[in-house]
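> Below are the chains, spelled out letter by letter.
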Amino acid sequence: MTRKPEIRSQESEAGIRSSCRQPDTRIRLAGLELKNPVMVASGTFGYGEEYSRFIDLNQLGAIVVKGISLHPMEGNPPPRLAETPAGLLNSIGLQNVGLEAFIKTKLPFLESIDSLVIVNILGHTIDEYVALATELSKHSRVDALELNISCPNVDKGGLAFGTDCQSTFEVVQAVRQATGLPLITKLSPNVTNIAAIASSAQEAGTDAVSLINTVLGMAIDIHQRKPALARVVGGLSGPAIKPIAVRMVFQVSQAVDIPVIGMGGIMNGDDAVEFLLAGASAISVGTAHFVDPETPIKVLKGIEKYMMRYQFNTLADIIGNLTIP
Amino acid sequence: MTRKPEIRSQESEAGIRSSCRQPDTRIRLAGLELKNPVMVASGTFGYGEEYSRFIDLNQLGAIVVKGISLHPMEGNPPPRLAETPAGLLNSIGLQNVGLEAFIKTKLPFLESIDSLVIVNILGHTIDEYVALATELSKHSRVDALELNISCPNVDKGGLAFGTDCQSTFEVVQAVRQATGLPLITKLSPNVTNIAAIASSAQEAGTDAVSLINTVLGMAIDIHQRKPALARVVGGLSGPAIKPIAVRMVFQVSQAVDIPVIGMGGIMNGDDAVEFLLAGASAISVGTAHFVDPETPIKVLKGIEKYMMRYQFNTLADIIGNLTIP
Amino acid sequence: MTAKIIENYRISSYYYRLTLDCAEIAQKAAPGQFVMIRVNHEVEPLLRRPFSIHRQWTSSSHRSAQAEGIQILFRIVGKGTAHLASLSRGAKIDIIGPLGQGFRLKTAISHPLLIAGGIGAAPLLFLADRIEEAQALPLQPRLFLGGKTKEDILCREDFEKDGFSLHISTEDGSMGHKGLIMEPFSDYLKQAMLSGKNEITIFACGPLPLMYKVAEAARQYNLSCQVSLEQKMACGVGACLGCVIEWADADNPSRYRRVCKEGPVFEAGRRCEARRQEL
Amino acid sequence: MTAKIIENYRISSYYYRLTLDCAEIAQKAAPGQFVMIRVNHEVEPLLRRPFSIHRQWTSSSHRSAQAEGIQILFRIVGKGTAHLASLSRGAKIDIIGPLGQGFRLKTAISHPLLIAGGIGAAPLLFLADRIEEAQALPLQPRLFLGGKTKEDILCREDFEKDGFSLHISTEDGSMGHKGLIMEPFSDYLKQAMLSGKNEITIFACGPLPLMYKVAEAARQYNLSCQVSLEQKMACGVGACLGCVIEWADADNPSRYRRVCKEGPVFEAGRRCEARRQEL
Ligand SMILES: Cc1cc2nc3c(=O)[nH]c(=O)nc-3n(C[C@H](O)[C@H](O)[C@H](O)COP(=O)(O)OP(=O)(O)OC[C@H]3O[C@@H](n4cnc5c(N)ncnc54)[C@H](O)[C@@H]3O)c2cc1C
Ligand SMILES: Cc1cc2nc3c(=O)[nH]c(=O)nc-3n(C[C@H](O)[C@H](O)[C@H](O)COP(=O)(O)OP(=O)(O)OC[C@H]3O[C@@H](n4cnc5c(N)ncnc54)[C@H](O)[C@@H]3O)c2cc1C
Ligand SMILES: Cc1cc2nc3c(=O)[nH]c(=O)nc-3n(C[C@H](O)[C@H](O)[C@H](O)COP(=O)(O)O)c2cc1C
Ligand SMILES: Cc1cc2nc3c(=O)[nH]c(=O)nc-3n(C[C@H](O)[C@H](O)[C@H](O)COP(=O)(O)O)c2cc1C
Ligand code: FES
Ligand code: FES
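From first to last, the protein sequence lines stand for chains A, B, C and D. Mapping of the first sequence onto the working numbering: position 283 corresponds to residue 283, and the numbering continues sequentially without gaps. Mapping of the second sequence onto the working numbering: position 102 corresponds to residue 427, and the numbering continues sequentially without gaps. Mapping of the third sequence onto the working numbering: position 221 corresponds to residue 871, and the numbering continues sequentially without gaps. Mapping of the fourth sequence onto the working numbering: position 234 corresponds to residue 1163, and the numbering continues sequentially without gaps.
FYI, nobody ran anything at the bench for these hints, they're computed from the structure. We put the beta carbon where it would ideally sit given N, CA and C, even for glycine. Keep in mind that the hints are not guaranteed to be accurate.
[Claimed, not checked] Stretch by stretch, here's where chain B covers chain D in the computed footprint (C-beta under 8 Å, at least three residues): (1) 970-980; (2) 1142-1149.
[Stated by the list, open to error] In silico negatives: residues of chain B with every beta carbon more than 10 Å from chain D: (3) R378; (4) P404; (5) L406; (6) E408; (7) I417; (8) Q420; (9) P433; (10) N445; (11) H449; (12) C490; (13) Q498; (14) H614; (15) V616; (16) G627; (17) T639.
Bound conformation, chain A alone (with noise of 0.2 Å):
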């Protein structure tokens, strides 16, 4: 066994002991009220109810579940993942059980839990953006909709939703008339300018926007000679992406005004004090239950150690809170 020596925080232990009030981790955004910032990614936790064993779902800002289509979706083939340095590469295919099965199955369990419940919806024309929302928003337990729009555009030759300023728009605004519920838009990075994107959206009247689904990105195997992936490409997400995901929440908030959900590689508290420093007003956790399930709990007990050692009182004190050279 090898010995683990400590490692020496810069700042004395002092520091956090001077200011022992319990930090206020409270956040409103979009016109939602959530206990705390730390939210699940869509997809990265089931319903909900698969990680109940592990973790109490009461103490999760908000639960982002699975995004959901208008029809049950089978899914891509398998292999659907591959993992990469840092990294984990995956093509689920947004594999889902379908809306009506969503409310009759998965809703119930969570009626039971007091956190927040974004539903994620997909669609592949703005007509099934649009009967999701209408659909969803008359469930009370429905508090959100995300809006995943890095789905392929069948009307478009289908290039993605997200990539490009005027799809956005156009889903963004369809979906705004047909829903009166607290609306975020989910942003794809594979774009050249994704602060453009986040505007396109904030026009068309969503809520928030939150950022970065998953990096395109491919592997394979060397020794069969094939994508690592039976569908070739997939997407990227943890640890890898983070500097990238760092990046697009700092200059999206710059470039709206309306508040920024970030994630990308969140594994710990300090993860996600960068991306609320950067300017995010609340964080998503995703791959990183995969290693390890206690992680939203572990990230927010982070976030209020920090508060705690610098004396922030409110999470507004530290988003955006960045001196820039």
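With chain A held as given, fit chains B, C and D with the ligands onto it using these hints.
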């Protein structure tokens, strides 16, 4: 100390022994004859001399020197480096000695090397690129030019040339007309559709494309609450970006007919083979030099070993040799 | 949760048996279930690694003693398993489980046939222990154990202690029959059917091609059969939908099923007529 | 190249002294130069870590014995140094060096003053060894050693063995003068100048703010001064231009200079008038 057990290879060693013929790793591309496909990436290998103490430069397929501008550039203020999970952020700010000093003080050393020398050039206007290409074409020690189009185009409000098909076309075409040297266009990954940019470069007459340059990223020092890099945003390189690079090399290879030079996170022979299978005709080692200066030599040995194991005699046998399900 | 390593025993060049102190998991465990182990706290490997529960473990020699831990039998194939092999007694590892759906042993089994390829023996020993404990069988239970060389033939004595009669094959002939384990297994099935011993239940674990062949044979003779399958996993708890495999049966028409949740043990014999063509 | 660990000695909670068997590097090494160490073979930390050469090392007690290795004095501050601390005797590490430009000792130095903050003592001991070996000094060499607490006061006895007279300060007063080391240092300089001892050469290593103050004092009294600076590094060999620092002098007007190549030791005293305002 920890015991380090060997990893059992999935194939028996017998396969390797059965074909001991030294594979032919020569490759012709863009009118160049490389003794092997292992190049070193611009900016990670100085002007060649810096690493001559550690490896035999004559064993390299080609040396791509640090990007040269018309006039010396002093670069960005420090800090210029930040480590991220499996990655490195840099913001060197294109510091270089400028064309004149390059020719006077750096090129003479390279005269003694018998590997190809490729000069990476950068400009802020098309005229600067043209002036560089014109002057460098007069020097016989310069075997080819690599156009770094990730630079801000001052005539277009600072947007990088390489983020737009039209600007890419224009700069490549102008340089094409100014030089008879083989021309490689180095693509930026920070775009929605890299295949389209590559096609524009091909149309404008580039002989090859190389990719990827660094991915824009950012890191924050949460204790000082300021960006880890003085210039806030920097370029991400290293293993973290490998899946992004492999994906882009694959996409570009499918889209163009000219050769592709692949790079991004190559640390060993297996990584290099991944790029070759994805469609690259040659590869560049970058950040890995910092980890181990002998990487290029080890990468070449790794490629040869792979070829022997699977009984490939020439590089052409593995380039793009990928079964898509 | 955290488990302390009681022992990490090197069986042969590539095989290790890891004994972990984790009573909570051990007492809930059923044969065929698995655990997800975090081999280190680095970003590489990022994900946990799945391992079948090889055996329940107790420090006491008393037969009815409560399980205090579990054993994992593993083979070094890459970074994660290499790291796991480097850990020593006393080290602590992060583990979750038991996970997934194990072998179904509800109905009385009169003639269990177990078949394993290589490391596939790992979960079958736990199953054999249970069969030995619970059942007074009319016929001796049998195990078919195949590998590339004799190094890949694992736990022979343990299965024998559990009262199993063993059929062994190796591809290089270094132990037992020379060839693939499907050969003696097919022969046995053929003979058994001829002699009317059709109350057979097959339990299989091993490489996918072998599992296909076993399932095919089971359907051919209309036998009950359960196979344990593998797929790369991320969450291990059914949340990410990453570990699916195409394996449907009459009761479960959905095309892709999660190895971590509906599996790793799937019905594969007479109840699986729906998608026979796909296997 | 590869170096074997002869010893990794824990000096106190956060400080270690690592002795490495690497004759090639040792024999070329000059005080103030550094090495780049790869602490493991993982992707995190990805980069090598720079460490000053603390001392040449030899197994023989004979004074004129050739150096067989080097010593590194390091403090745990993050992942890389924590990992380095976990390595034991016999382990092999990947190291390159010696690198950079060390202290310039060419001209006869009549009155060397060394000043170090915390881990800055590391390269100064190698320098002190050289001063002790080479010079018959008219005045006793002096070392000013500062730290937060007495734990940060390193190598006291070794400097004394080299014939140095020591001035110690700690911020908490747990050893020596209570306060910053600049205080006794400034006092000494003032007095020395008054008494006409102006053949002073200053050698400094420590945190950047201290280096600025030392350089400022040297310029004030027009003294020769060399400071060893730190910056994050990637290549360590001058290739990446990542480690620059704004530190110009009359001979080197270029704005940014590489700590790994032009440094880590820079001229900072009377020859540095050009950019005085920037320091
Ligand atoms: C339910 C289940 C139970 C398992 N039980 C055992 C067990 O009891 N003992 C045991 O030794 N192994 C078992 N495995 C396989 C084990 O999980 C893999 O060998 C391990 O994850 C490889 O990790 P690695 O980092 O060493 O290899 P990697 O570096 O990740 O990969 C090395 C090689 O192993 C292959 N591999 C990686 N993951 C898997 C996987 N999940 N299944 C099959 N091949 C894989 C890769 O394709 C690659 O060829 C089980 C797998 C599953 C899904
Ligand atoms: C020329 C040179 C000589 C050095 N000599 C020594 C020495 O003899 N003994 C010694 O203990 N240390 C020395 N250092 C500093 C040492 O390199 C860093 O402490 C080490 O790289 C930290 O690595 P880490 O992974 O433990 O910390 P990280 O996890 O990388 O960082 C932890 C903290 O250390 C800071 N840090 C990281 N790298 C550096 C750096 N290069 N300089 C200053 N701060 C840094 C970070 O900002 C962060 O606050 C030297 C640095 C240089 C440039
Ligand atoms: C297995 C998996 C499935 C995902 N499914 C969805 C999804 O259905 N809808 C969606 O908007 N994002 C989906 N994502 C993206 C995540 O919500 C998140 O944006 C991304 O993984 C980056 O965060 P991370 O690095 O913390 O995982 C998925 C990610 C993973 C890894
Ligand atoms: C420190 C540093 C400096 C670089 N400078 C240049 C440059 O001047 N011109 C250029 O085209 N690319 C430059 N690059 C990009 C590399 O050539 C390469 O495209 C990129 O780093 C990806 O490869 P890697 O992950 O193997 O490093 C630089 C990269 C690094 C890390
Ligand atoms: S591994 Fe995530 S669903 Fe099975
Ligand atoms: S660290 Fe690369 S130039 Fe100094």
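> Each hint: holds or not?
Right, here's what the structure says about each hint:
Check on the segment 970-980 of chain D: 6 of its residues sit with their Cβ under 8 Å from a Cβ of chain B, so the three-residue criterion for coverage holds. Given as covered by chain B, the segment 1142-1149 of chain D fails the check, having 0 residues with a CB less than 8 Å from a CB of that chain where 3 are the minimum. Not every C-beta of chain D lies more than 10 Å from that of R378/B, the closest at about 8 Å, which undercuts listing it as non-interface. With a least CB separation of 6 Å from chain D, P404/B falls inside the 10 Å interface cut-off, contrary to its annotation.
A beta-carbon of chain D comes within 10 Å of the beta-carbon of L406/B; the shortest separation is about 4 Å. Residue-level check failed: E408/B sits 6 Å from the nearest beta carbon of chain D, not beyond 10 Å. A cut-off of 10 Å between C-beta atoms contradicts the statement that I417/B is not in contact with chain D; the least separation is 5 Å. Consistency note on Q420/B: stated as away from chain D, yet its beta-carbon is not over 10 Å from all of that chain's, at 5 Å minimum.
With a least CB separation of 17 Å from chain D, P433/B remains clear of the 10 Å interface cut-off, as annotated. Remark: the non-interface label on N445/B is consistent with the geometry, its nearest Cβ contact in chain D lying 14 Å away (cut-off 10 Å). With a least CB separation of 19 Å from chain D, H449/B remains clear of the 10 Å interface cut-off, as annotated. Listed as a non-interface residue, C490/B keeps its Cβ farther than 10 Å from every Cβ of chain D; the least gap is roughly 31 Å.
Non-interface call for Q498/B relative to chain D: holds, since the shortest CB-CB distance, roughly 31 Å, exceeds 10 Å. The Cβ of H614/B does not lie farther than 10 Å from every Cβ of chain D; its closest approach is about 7 Å, which violates its non-interface assignment. A cut-off of 10 Å between C-beta atoms contradicts the statement that V616/B is not in contact with chain D; the least separation is 6 Å. Its beta-carbon lying about 15 Å from the closest one in chain D, G627/B satisfies the requirement of being farther than 10 Å from that chain.
No beta-carbon of chain D is positioned within 10 Å of the beta-carbon of T639/B; the least distance is around 32 Å.
The structure does not agree with the numbered hints 2, 3, 4, 5, 6, 7, 8, 14 and 15 stated previously, though it agrees with the rest.
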